[in-house]
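**Q** Single-letter residue listing:
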Amino acid sequence: MSGQPLLEVRGLDKRFAGRSGRDTALWVIKDLSFSVPDGEFLTIIGPSGSGKTTLLNMIAQIDVANGGEVRFQSKSAPINDPKSLNPGLNCQIGYVTQEDNLLPWRTTLQNVLFPLEVQGRLDAEGRARADMLMRTVGLAGFEGHYPHELSGGMRKRASLIRTLVYDPPVILMDEPFGALDAQTRAQLQEDLLRLWNLGRKTIVFVTHDITEAIALGDRTLVLSRAPAKIVGDHPITIPRPRDIRGIMTHPDFAALYQRIREQVQ
Amino acid sequence: MTAQDTALDLSEASSIKWRRYGVIIGRVLLIGLLFVLWKLGADAVGPIYVADPIKVIQRIITDTQSGLLLKHIYATLRISTIGFAIGCAFGIALPFVLRLVPRITAAVEPYIMASVGIPKYALIPLFILYFGIDDAPKLWLVGLLVFYPIFIAVFAGIRNVDRRLINMARIVGASESRIAREVIWYSLTPFFFAALKISLPRAVSAAIIGEFLVGNEGIGYFIENSRQSFDTVGAFAGILVATALVLVLNSVLDKIDHRVNAWRPKERSMEI
Ligand SMILES: Nc1ncnc2c1ncn2[C@@H]1O[C@H](COP(=O)(O)OP(=O)(O)OP(=O)(O)O)[C@@H](O)[C@H]1O
Ligand SMILES: [Mg+2]
Numbered sequence: 313m314s315g316q317p318l319l320e321v322r323g324l325d326k327r328f329a330g331r332s333g334r335d336t337a338l339w340v341i342k343d344l345s346f347s348v349p350d351g352e353f354l355t356i357i358g359p360s361g362s363g364k365t366t367l368l369n370m371i372a373q374i375d376v377a378n379g380g381e382v383r384f385q386s387k388s389a390p391i392n393d394p395k396s397l398n399p400g401l402n403c404q405i406g407y408v409t410q411e412d413n414l415l416p417w418r419t420t421l422q423n424v425l426f427p428l429e430v431q432g433r434l435d436a437e438g439r440a441r442a443d444m445l446m447r448t449v450g451l452a453g454f455e456g457h458y459p460h461e462l463s464g465g466m467r468k469r470a471s472l473i474r475t476l477v478y479d480p481p482v483i484l485m486d487e488p489f490g491a492l493d494a495q496t497r498a499q500l501q502e503d504l505l506r507l508w509n510l511g512r513k514t515i516v517f518v519t520h521d522i523t524e525a526i527a528l529g530d531r532t533l534v535l536s537r538a539p540a541k542i543v544g545d546h547p548i549t550i551p552r553p554r555d556i557r558g559i560m561t562h563p564d565f566a567a568l569y570q571r572i573r574e575q576v577q
Numbered sequence: 324m325t326a327q328d329t330a331l332d333l334s335e336a337s338s339i340k341w342r343r344y345g346v347i348i349g350r351v352l353l354i355g356l357l358f359v360l361w362k363l364g365a366d367a368v369g370p371i372y373v374a375d376p377i378k379v380i381q382r383i384i385t386d387t388q389s390g391l392l393l394k395h396i397y398a399t400l401r402i403s404t405i406g407f408a409i410g411c412a413f414g415i416a417l418p419f420v421l422r423l424v425p426r427i428t429a430a431v432e433p434y435i436m437a438s439v440g441i442p443k444y445a446l447i448p449l450f451i452l453y454f455g456i457d458d459a460p461k462l463w464l465v466g467l468l469v470f471y472p473i474f475i476a477v478f479a480g481i482r483n484v485d486r487r488l489i490n491m492a493r494i495v496g497a498s499e500s501r502i503a504r505e506v507i508w509y510s511l512t513p514f515f516f517a518a519l520k521i522s523l524p525r526a527v528s529a530a531i532i533g534e535f536l537v538g539n540e541g542i543g544y545f546i547e548n549s550r551q552s553f554d555t556v557g558a559f560a561g562i563l564v565a566t567a568l569v570l571v572l573n574s575v576l577d578k579i580d581h582r583v584n585a586w587r588p589k590e591r592s593m594e595i
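Respectively, the protein sequence lines represent chains W and G.
Numbering-wise, the first sequence is residues 313 to 577 according to the numbering used here.
Numbering-wise, the second sequence is residues 324 to 595 according to the numbering used here.
I should point out that these hints are in silico values taken from the structure, not numbers from a laboratory.
Heads up, some of the hints might be wrong.
Said to hold, decoys possible - Quick list of the computed label-pair ranges, beta carbon to beta carbon: (1) W:Glu461 to G:Thr385: 50 to 56 Å; (2) G:Asn483 to W:Arg512: 40 to 46 Å; (3) W:Gly379 to G:Ala585: 57 to 63 Å; (4) W:Arg573 to G:Ser500: 46 to 52 Å; (5) G:Lys340 to W:Arg439: 52 to 58 Å.
Glycine included, each C-beta is placed from N, C-alpha and C at the ideal position.
Based on the provided sequences and hints, a complete structural model is requested.
**A** Okay, here's the thing in structure tokens:
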């Protein structure tokens, strides 16, 4: 699980222009650095508006940085210029966005198959994998439904497996289980861990739920309010496989929770 | 499903069915009423100005049987559909090309938008001067009239495509042409069909106006020719046929719209 960092963020800066020209620009991220080893499940926690989505957007290369760099497999990606952005870095970085971003004119199954289709990889194996994922997240029977015919939680699940289906080596997830009830959420967390265990992808998982960050992660980073800095870096010592639903009863949990909670303001 | 559910479903279905019949009956009654009003008006004003509806119907039947009307309908249909297709093709293609060259777009956009203001019918004399008196000037007129609504709808539609969907498609590896076909095109079909519905009657009107002025065929020619020979019945027959033509084309368009945009959420209560 350790070794050469697969993904590195170095001295990243991001600001958004003020509303009118004279307004001072707002720094959302200032000099942010961290690295993610291959196969790590990293959870990032931070208050609302701290710049978590902005950070993932820059790593996924759909937004430019105003300074610093993002390195993947020790190669620097030029993300300071909108023209040289390479979203998804040739399908190596998957991104489950905060909104589901399903295509409304495609059925659930067609949405899930979309990446394979555009990558020219749609074969029987891909279909079987999509089928397995649909069943895993409880979407069996809804293959032919359009997104507007699904519940909010079902749409989130569909968007999650749309990324899992093409198996990118790094997956960014932006609060994928935010809008779900506790039962479904625990179920999906278990499913995600099970799927992750099969392939041990590198995952950067953003949440503002401390329990979730501890339950899922190998390590948890705590971001401050904007401009975002890393104010805490906690290895999660609870051994795997973990009992998600009973995680709070683990002897290490209370101390971890307490330390993280103090840093999240 | 319990027996009670089935009973409820059935009673709901039958009430929907009855409401639908009610609407159809209402429509038929309305047409009958219009017909009666027309007849009364014709009798009051005199046959020089308003033709007797019965004679108009008779004329449509005899001229259809003799093939005369079909020839004119065919001519109008030809001009309006070809012109419509040309206007559509340019109205769709230009925004997609402009999307690739944002700087040029920014430069030419105000001029394109200003040219919307040119009264297209005022250009007919020039079209006749440049393109003669065959189909060409009529096609230019129809094409231009169709081009603008389509262009504006597609142009605005492309600008309004959800950036997040495009980003998602890029991240999962979709090529730019794939994005244009899959994401952008589908996002703008609702705008596009709205524009088509505006353009279609315009295309037929433009063809008819063109026929008033040049050539010796088409419904426009038929109407104007009837007027010149004080044949009010013929003029009314032509107008009725032109209206029917637009209605038929519109219903074809509606069918296509329904199929292409089947994915759009429909408000259940909007259906009768
Ligand atoms: N396009 C933009 N233009 C201007 N400001 C922006 C833009 N996008 C984000 N911001 C600002 O950047 C800050 C961080 O936003 P971001 O969406 O990254 O927060 P977040 O940590 O993901 O919050 P949440 O947990 O609520 O999703 C916010 O203050 C927001 O107002
Ligand atoms: Mg966010």
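**Q** How does the Cβ-Cβ distance of Glu461 (chain W) and Thr385 (chain G) compare with 50 to 56 Å: does it lie in that range?
**A** holds (54 Å)
**Q** Gly379 (chain W) and Ala585 (chain G), beta-carbon distance inside 57 to 63 Å?
**A** violated (48 Å)
**Q** Please test the hint of 52 to 58 Å on the beta carbon pair from Lys340 (chain G) and Arg439 (chain W).
**A** violated (41 Å)
**Q** Does the Cβ distance between Arg573 (chain W) and Ser500 (chain G) fall inside 46 to 52 Å?
**A** Holds: the Cβ-Cβ distance is about 50 Å, inside 46 to 52 Å.
**Q** Just to be sure I understand the hint, the distance between the Cβ atoms of Asn483 (chain G) and Arg512 (chain W) should be within 40 to 46 Å; is that true here?
**A** With a Cβ separation near 41 Å, Asn483 (chain G) and Arg512 (chain W) satisfy 40 to 46 Å, so the hint holds.
Of the numbered hints listed earlier, those contradicted by the structure are 3, 5.
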